[in-house]
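Chain by chain, the residues:
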Amino acid sequence: MKRRPSFLAITTWVYIVWSLLPVLLAIRFAFNSGRSRTSLQGWSLRWFWEDPTLSVFHDPTLQSALVHSLELAAIVMLVATPLGTALALGMRRWRGRGSGTANIVLLLPLVTPELVFAVGMFLLFTTAFGFIGLGTTAQAIGQVTFTLSWVVLIVRGRLATIGRDVEEAAADLGAPPLHVVSRVLLPLLVPAMAASLLVSFALSIDDFVVSQYLASGADTTTVPMRIYSQARGGPTPALNALATIMLVVSLLALVLAYFVFKALTRGEQKEQRDTAFRQLAMEM
Amino acid sequence: MGSRWIWRALAIPGLVWLALFFVVAFYAIVSVGLGNVTTLYEPVPHWNPLDWNVGYIWAALKAVVPGGDTWDTFLRTVIYVIVAVALSLAIAYPVAWYAARHAGRWRGLILVLLVLPFWISYLMRMFAWTNLLADGGYATRVLHALSIDSLFQSIGLLDGNDWLGGQHIAVILALVYGYVPYLILPLFVALDRIDQRMIEAARDLGASAAAAFWRVVVPLSKVGTLAGIVLIALPMFGDYYTPDLISGSPKTAMMGNAINGYVQGGPDKSLGAALTLLLSAFLLIFMIYYLRVIRADQREAAAS
Chain A
259 MKRRPSFLAI TTWVYIVWSL LPVLLAIRFA FNSGRSRTSL QGWSLRWFWE
309 DPTLSVFHDP TLQSALVHSL ELAAIVMLVA TPLGTALALG MRRWRGRGSG
359 TANIVLLLPL VTPELVFAVG MFLLFTTAFG FIGLGTTAQA IGQVTFTLSW
409 VVLIVRGRLA TIGRDVEEAA ADLGAPPLHV VSRVLLPLLV PAMAASLLVS
459 FALSIDDFVV SQYLASGADT TTVPMRIYSQ ARGGPTPALN ALATIMLVVS
509 LLALVLAYFV FKALTRGEQK EQRDTAFRQL AMEM
Chain B
207 MGSRWIWRAL AIPGLVWLAL FFVVAFYAIV SVGLGNVTTL YEPVPHWNPL
257 DWNVGYIWAA LKAVVPGGDT WDTFLRTVIY VIVAVALSLA IAYPVAWYAA
307 RHAGRWRGLI LVLLVLPFWI SYLMRMFAWT NLLADGGYAT RVLHALSIDS
357 LFQSIGLLDG NDWLGGQHIA VILALVYGYV PYLILPLFVA LDRIDQRMIE
407 AARDLGASAA AAFWRVVVPL SKVGTLAGIV LIALPMFGDY YTPDLISGSP
457 KTAMMGNAIN GYVQGGPDKS LGAALTLLLS AFLLIFMIYY LRVIRADQRE
507 AAAS
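As given, the protein sequences belong to chains A and B, one line each in that order. Just so you know, our numbering puts 342 at position 84 of the first sequence, and the rest follows in order with no gaps. Just so you know, our numbering puts 478 at position 272 of the second sequence, and the rest follows in order with no gaps.
One should not assume that every hint holds.
Stated by the list, open to error - Here chain A is said to cover these stretches of chain B; the calculated rule only asks that three of the stretch's residues, wherever they fall, bring their Cβ under 8 Å from a Cβ of chain A: (1) 213–224; (2) 255–269; (3) 292–301; (4) 311–320.
Unchecked claim - With the C-beta cut set under 8 Å, the calculated list includes, among others, these residues of chain A facing chain B: (5) L278; (6) L283; (7) R295; (8) S297; (9) A360; (10) I362; (11) L366; (12) V369; (13) V377; (14) L382; (15) A386; (16) I485; (17) L512.
Bear in mind the hints are in silico, worked out from the structure with no lab data behind them. All C-beta atoms, glycine included, are put in the ideal place defined by N, C-alpha and C.
The shape of chain A in the complex, shown without the other chains (with noise of 0.2 Å):
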């Protein structure tokens, strides 16, 4: 059926340049040699590090944001990449009582307002669990708990792709069910893991809410966190040139993501492979 192909192609290139021309103009300014965000202003690299005070190499609120930042993704994806493999596992085998109510606790920090979360953390972290606080450990507890979620997801996705044949024929041949898990699953696992290191290391740097109502002081803000409370206080482009930084890296990382996916999944077909890609940058 064509329906007018050339209105929806037209609405379909517009949508994309307004969806990305912002983001562009202003990783542009983050080049600027002067001082406005508003306007092009020649080249440099001034805002990065060659201004003594006020880049983001020699600001120290912006050097500690984006440090702290990097830092939290860290912890994040190495905390909640193992715990969500593992419920993973557990709850495709885990049978009869209490694994519906234990499904539904599992995905409801997916539709959750963050807001409602986040505060909900913070009255936890002031009052019952008083003596864990506010601060980096609390921001990085925040941020597993609804990364765990999605590492689940994905861990999932990928069991569901595998099937239960391979598990039985180990278990048939006489595999006890701990070498089932470590060798026979943990291996099929491994790309679903590594885009799950990908995915919460994403999710943990983009996340605001949780960061912002449950950092401490100025050691614990985040680069979202900084981009929020200067946005509005005529920032320099030093802003920009951080934002940059943090898009950089975290397109870094998709690519780096990509190719290890691609490796660790070499003997499969190309195409399954793609769309398993696919699906998983799709589903953030």
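Based on these hints, arrange chain B on the given structure of chain A.
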């Protein structure tokens, strides 16, 4: 079967984590919202349901009904979300339809470009607009050159010249900009899945292109469309950063701003918790409705 323990052992750490930090965290909102405060207005949660104090919930309820302090904000939030979702749908449907059906050799590239915003921080995407809509920014200049600003002023959509100074239209468009990528993808998946032969069959049986679209494509993509709408509407109800960055004025405050103000800024954290509970209850109705639609659809599919 003495081997079941291994599956339990694998599931337990994750489940305990979710119980402690998700379930108990939500219960903390309940306990604070139904709790009390010290003389310094620090919240004292009442964990035991027998000790619950309904005072704050009652105050929050009185605030969100007509005549209450937060009524205007609540109404504004609902209107913003409805308009933003409708505009998002008007953009997302044709784009997703084109990407799924007509993109041809451009399909791969278009998909990459549609997914790209997911990998750009939401705050950065909003910040990009504050560069463009500032006084003298490129968007401000283009809108002025095309006389869109005076057109909007004459029909009352723009108040004064400052796009970032508390304009409803700017906040709504920013919400559309922020959330529309998250609507396009579920729509794309739903539309991509429709069997081309269904549409051809409708055409062969004499349906016009428009009739085939409205009576075949739209019903077949209903579940995906609803899923996408819920997916973007829920976070919009909890959004406070978009209005803060794009306007910052109390004229455009949403429920998220009200809750954020109470919980993070003001002394009345308990009232903030009570408002969060009311918002959750309000959203729960949508979530349940949505789950029922999906279930009904599945039953229908199973029956036919």
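Hint check results:
1. Given as covered by chain A, the stretch 213–224 of chain B passes the check, having 11 residues with a CB less than 8 Å from a CB of that chain where 3 are the minimum.
2. Restraint check on the stretch 255–269 of chain B versus chain A: 0 residues with Cβ-Cβ distances below 8 Å, three needed, restraint violated.
3. Given as covered by chain A, the stretch 292–301 of chain B passes the check, having 3 residues with a CB less than 8 Å from a CB of that chain where 3 are the minimum.
4. Counting residues of the stretch 311–320 of chain B whose CB lies closer than 8 Å to any CB of chain A gives 4, which reaches the minimum of 3, so the coverage claim holds.
5. Hint on L278/A holds. Least Cβ distance to chain B is approximately 7 Å, under the 8 Å limit.
6. The restraint placing L283/A at the interface with chain B holds, with a minimum CB-CB distance near 7 Å, inside the 8 Å limit.
7. Hint on R295/A holds. Least Cβ distance to chain B is approximately 5 Å, under the 8 Å limit.
8. For S297/A, the interface hint holds, the least distance from its beta-carbon to any beta-carbon of chain B being 7 Å, beneath 8 Å.
9. A distance limit of 8 Å between C-beta atoms decides the matter here; for A360/A the minimum to chain B is near 6 Å, and the interface restraint holds.
10. This hint is violated: I362/A has a C-beta 10 Å from the nearest C-beta of chain B, more than the 8 Å allowed.
11. Below 8 Å, beta-carbon pairs count as interface contacts, and L366/A has one with chain B at about 7 Å; its hint therefore holds.
12. The restraint placing V369/A at the interface with chain B holds, with a minimum CB-CB distance near 6 Å, inside the 8 Å limit.
13. For V377/A, the suggested interface contact is upheld, since its CB lies about 5 Å from the closest CB of chain B, less than 8 Å.
14. The restraint placing L382/A at the interface with chain B holds, with a minimum CB-CB distance near 4 Å, inside the 8 Å limit.
15. Because the closest C-beta pair between A386/A and chain B is about 7 Å apart, less than 8 Å, the hint holds.
16. The interface hint given for I485/A holds, since its Cβ lies 4 Å from the closest Cβ of chain B, which is under the 8 Å cut-off.
17. Annotation: interface hint on L512/A holds; nearest CB of chain B at approximately 6 Å, less than 8 Å.
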